[in-house]
Amino acid sequence: MNAVEVRGLVKTFDGHLRGRRRKDDDVRALAGVDLAAEPGEYLVLLGPSGCGKTTLLRTIAGLEQPTEGEVLIGGHVVNGLPPRIRQVAMVFQSYALYPHKSVLDNIVFPLKAEKMPRGMRERRAKEAAGRLGIEPLLGRKPRQLSGGERQRVALARALVRDPAVFLLDEPLSNLDAKLRATARDELKQFQEQIGTTTIYVTHDQAEAMGLGDRIAVLEKGRVRQIGTPVEVYDDPADTFVATFIGSPPMNLVRRDDRLIGFRPEHLLPAENVPYDARVTMPMRIERMEYLSGDRHVYGTVTRLGEETRVIARLPATVTTPLSAGETHEFAVVAGRLRFFDAAAGGRTPAVPIGNGGGS
Amino acid sequence: MTHARMRRGGPPAGPPDGRFRPARRSKPGLADREGFLAWAMLLPSVVYIIALVGVPFLLAIAFAFSDVTTGDPSYDFVGFRNFEAIFDDRVFWRSLVNTVVFTVITMIFIVLLGKILANILVADFRGKWFVRFLVLLPWTTPVALSTISWLWFLDSIYSPVDWVLRQLGVIDTNVVWLGRPSAAMVSVIAVQVWRLTPLAAVIVMAGLVAIPRDIDEAARIDGAGFWRRMFEVTIPLTLPVIAVAGLFGAIMTFTDMTVSYVLTRGGPTHSTDVLASWAYFRGIEGGDVGQGAAIALFLFPILLAGAIAILRAVRRLESQ
Chain A
1 MNAVEVRGLV KTFDGHLRGR RRKDDDVRAL AGVDLAAEPG EYLVLLGPSG CGKTTLLRTI
61 AGLEQPTEGE VLIGGHVVNG LPPRIRQVAM VFQSYALYPH KSVLDNIVFP LKAEKMPRGM
121 RERRAKEAAG RLGIEPLLGR KPRQLSGGER QRVALARALV RDPAVFLLDE PLSNLDAKLR
181 ATARDELKQF QEQIGTTTIY VTHDQAEAMG LGDRIAVLEK GRVRQIGTPV EVYDDPADTF
241 VATFIGSPPM NLVRRDDRLI GFRPEHLLPA ENVPYDARVT MPMRIERMEY LSGDRHVYGT
301 VTRLGEETRV IARLPATVTT PLSAGETHEF AVVAGRLRFF DAAAGGRTPA VPIGNGGGS
Chain B
1 MTHARMRRGG PPAGPPDGRF RPARRSKPGL ADREGFLAWA MLLPSVVYII ALVGVPFLLA
61 IAFAFSDVTT GDPSYDFVGF RNFEAIFDDR VFWRSLVNTV VFTVITMIFI VLLGKILANI
121 LVADFRGKWF VRFLVLLPWT TPVALSTISW LWFLDSIYSP VDWVLRQLGV IDTNVVWLGR
181 PSAAMVSVIA VQVWRLTPLA AVIVMAGLVA IPRDIDEAAR IDGAGFWRRM FEVTIPLTLP
241 VIAVAGLFGA IMTFTDMTVS YVLTRGGPTH STDVLASWAY FRGIEGGDVG QGAAIALFLF
301 PILLAGAIAI LRAVRRLESQ
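Residue numbers (my numbering), protein chains in the order written: chain A, 1 to 359; chain B, 1 to 320.
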């Protein structure tokens with residue numbers, strides 16, 4: 001049984017709120033999404049802004065009603081049920097703490113709504129606060145807290161009533177970069193401790209890769225790929241996933257009706273690649289960047305397919321002297337090449353490429 | 001002259017060395033000086049307040065200690081004689097009590113109905129625009145006009161209200177709304193509530209709209225139903241705004257004489273006289289300007305308290 005599942009989920013927003021729109025101008029935020037999160041799983045919804053990931057999360061929470069399709073929580077269809085019956089907890093991007101209530105009252109609120117007796121709910125709230133290390137803050141008001149503290153309070157409020165599912169909507173995006181890294185680490189540890197199924201929305205691929213057991217990549221209201229971080233990174237299902245994930249993104253070189261993809265870190269000067277199973281190509285180097293120990297080499301490759309600008313990421317261990325303006329022989333291990341249909345963008349089986357040959 | 005024309009024409013070509021040179025003139029204009037601008041913009045309202053609020057207020061204080069009448073406008077200082085006279089007058093005490101009753105009951109109803117109406121107005125439904133328009137209508141109609149139509153509504157013989165009640169079998173004979181003391185007070189309060197509720201509703205609505213949607217949604221997710229969200233989230237967050245709406249209503253009711261003047265002329269037997277109408281009857285229609293001014297001065301301390309309360313509520317809003 002899956003903890004959370006959505007089947008054929010479609011959500012359209014009619015345009016009348018945004019001025020005059022005709023019927024066919026309806027915004028399709030979700031265009032048929034099928035997704036399942038297993039019990040205890042950490043599922044990350046990743047996609048560019050406007051891809052429908054937040055709408056999907058809100059539909060699971062019950063804040064939006066799907067136009068078509070079903071939402072199942074714990075095996076039961078919950079369409080039409082209000083959020084309070086669904087036993088979900090959500091952390092909002094803005095944290096949405098109640099500004100007039102103290103931290104303790106914020107955390108207690110869900111238990112109060114469950115009509116739990118006072119003594120018990122205070123004990124539970126203190127327990128939750130203790131878990132997140134915010135006990136000294138219980139008497140404060142949200143406006144007296146820092147961003148990181150607010151995020152913990154929001155988490156405590158979410159976990160205090162043992163929800164069936166945790167829904168997190170970009171909970172780290174309001175924190176500064178330094179705090180974000182530690183908060184990410186804490187979030188992961190925290191979820192491993194409590195073991196609750198979690199659905200996490202983000203547009204930040206580093207967060208997605210770091211936190212997710214599995215990642216669902218969304219674009220334009222559709223799931224492009226679901227898989228572990230390794231699968232999504234190494235075996236992208238289509239060119240969208242290939243170029244959305246990875247920084248710098250996967251290089252795509254057109255050859256006839258195929259696109260040949262390879263990651264920047266796999267494109268190395270030829271002498272660093274084992275001789276027996278490699279595909280070589282000359283690269284005209286245009287520019288180089290030195291970023292946190294790696295060399296990013298920008299250049300144009302020929303012979304493999306059409307002339308294409310690509311990026312190579314050379315680790316510090318590759319010391320081949322290179323300079324802008326020269327042409328150098330680069331290579332990729334053949335097994336690292338990925339093939340896509342040039343028109344549709346989907347994966348296709350590998351086609352043989354004669355080493356060094358252009359035809 | 002040629003020099004001036006050269007400077008004005010064409011785009012300001014900077015010197016080739018890229019050093020900064022002010023384009024047209026080096027001196028800031030009158031409109032650039034914030035001190036001057038501030039005064040120029042504030043002056044009309046300052047003049048307005050001094051001429052139409054400050055001077056009449058000082059005049060009222062001066063008249064309250066004089067024997068000025070409409071027949072004899074010469075000013076003679078008489079000390080507290082006017083105050084002694086009105087304290088001995090039972091109609092003054094009656095109108096003071098009436099004013100307080102009128103204001104308090106009206107305020108309670110304005111806040112209650114305004115809050116309910118505001119919740120209806122922020123809800124999303126078809127024809128929302130039209131309903132909002134209808135709701136605002138009582139507030140936009142000139143008060144004297146709308147009160148006259150209420151005068152017809154509550155007519156002792158032809159009242160459509162009575163007719164409906166008679167048809168429904170609630171009453172046997174006409175209520176004579178404006179002819180009996182208690183019914184007259186109820187009528188005056190009802191009309192005032194009808195008139196001011198839209199204002200309160202719009203003020204409260206502004207407060208409701210300002211609540212971040214996330215917070216209401218968080219409360220939904222946290223399992224709170226409609227009433228819990230209403231009393232634990234929405235109302236506490238809009239309390240300062242509700243206070244402003246209530247105080248506005250109170251001040252406008254406290255100083256209002258139109259409704260009781262048009263509906264009942266303070267009658268029957270002063271049962272709907274309020275301070276403002278009684279001051280008017282004494283000072284203008286009765287001609288005793290001194291006593292009228294003394295009565296009107298009793299509005300001042302309560303209005304002052306109301307104004308301070310509003311400002312404090314606004315400050316609480318800002319600190320949120």
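FYI, nobody ran anything at the bench for these hints, they're computed from the structure.
Some hints here could point you the wrong way.
Said to hold, decoys possible - Here are the simulated SDA-like pairs of lysine to any residue, each with C-alpha atoms no more than 20 Å apart in a straight line:
#1 LYS101/A / LEU208/B
#2 LYS101/A / ILE211/B
#3 LYS101/A / GLY225/B
#4 LYS101/A / ALA307/B
#5 LYS112/A / ILE242/B
#6 LYS101/A / ARG94/B
#7 LYS112/A / ARG228/B
#8 LYS141/A / LEU239/B
#9 LYS101/A / ASP89/B
#10 LYS178/A / THR280/A
#11 LYS141/A / ILE211/B
#12 LYS115/A / PHE226/B
#13 LYS112/A / ARG229/B
#14 LYS115/A / ARG228/B
#15 LYS101/A / GLU217/B
#16 LYS112/A / TRP152/B
Going through the hints against the structure:
1. LYS101/A / LEU208/B: holds (18 Å)
2. LYS101/A / ILE211/B: holds (15 Å)
3. LYS101/A / GLY225/B: Distance ~18 Å between LYS101/A and GLY225/B Cα, so the pair holds.
4. LYS101/A / ALA307/B: violated (28 Å)
5. LYS112/A / ILE242/B: violated (26 Å)
6. LYS101/A / ARG94/B: violated (45 Å)
7. LYS112/A / ARG228/B: holds (10 Å)
8. LYS141/A / LEU239/B: holds (17 Å)
9. LYS101/A / ASP89/B: violated (52 Å)
10. LYS178/A / THR280/A: Not satisfied, since the Cα-Cα distance of roughly 40 Å exceeds 20 Å.
11. LYS141/A / ILE211/B: holds (17 Å)
12. LYS115/A / PHE226/B: Distance ~15 Å between LYS115/A and PHE226/B Cα, so the pair holds.
13. LYS112/A / ARG229/B: holds (12 Å)
14. LYS115/A / ARG228/B: holds (11 Å)
15. LYS101/A / GLU217/B: holds (16 Å)
16. LYS112/A / TRP152/B: Answer violated: LYS112/A to TRP152/B is near 52 Å, above 20 Å.
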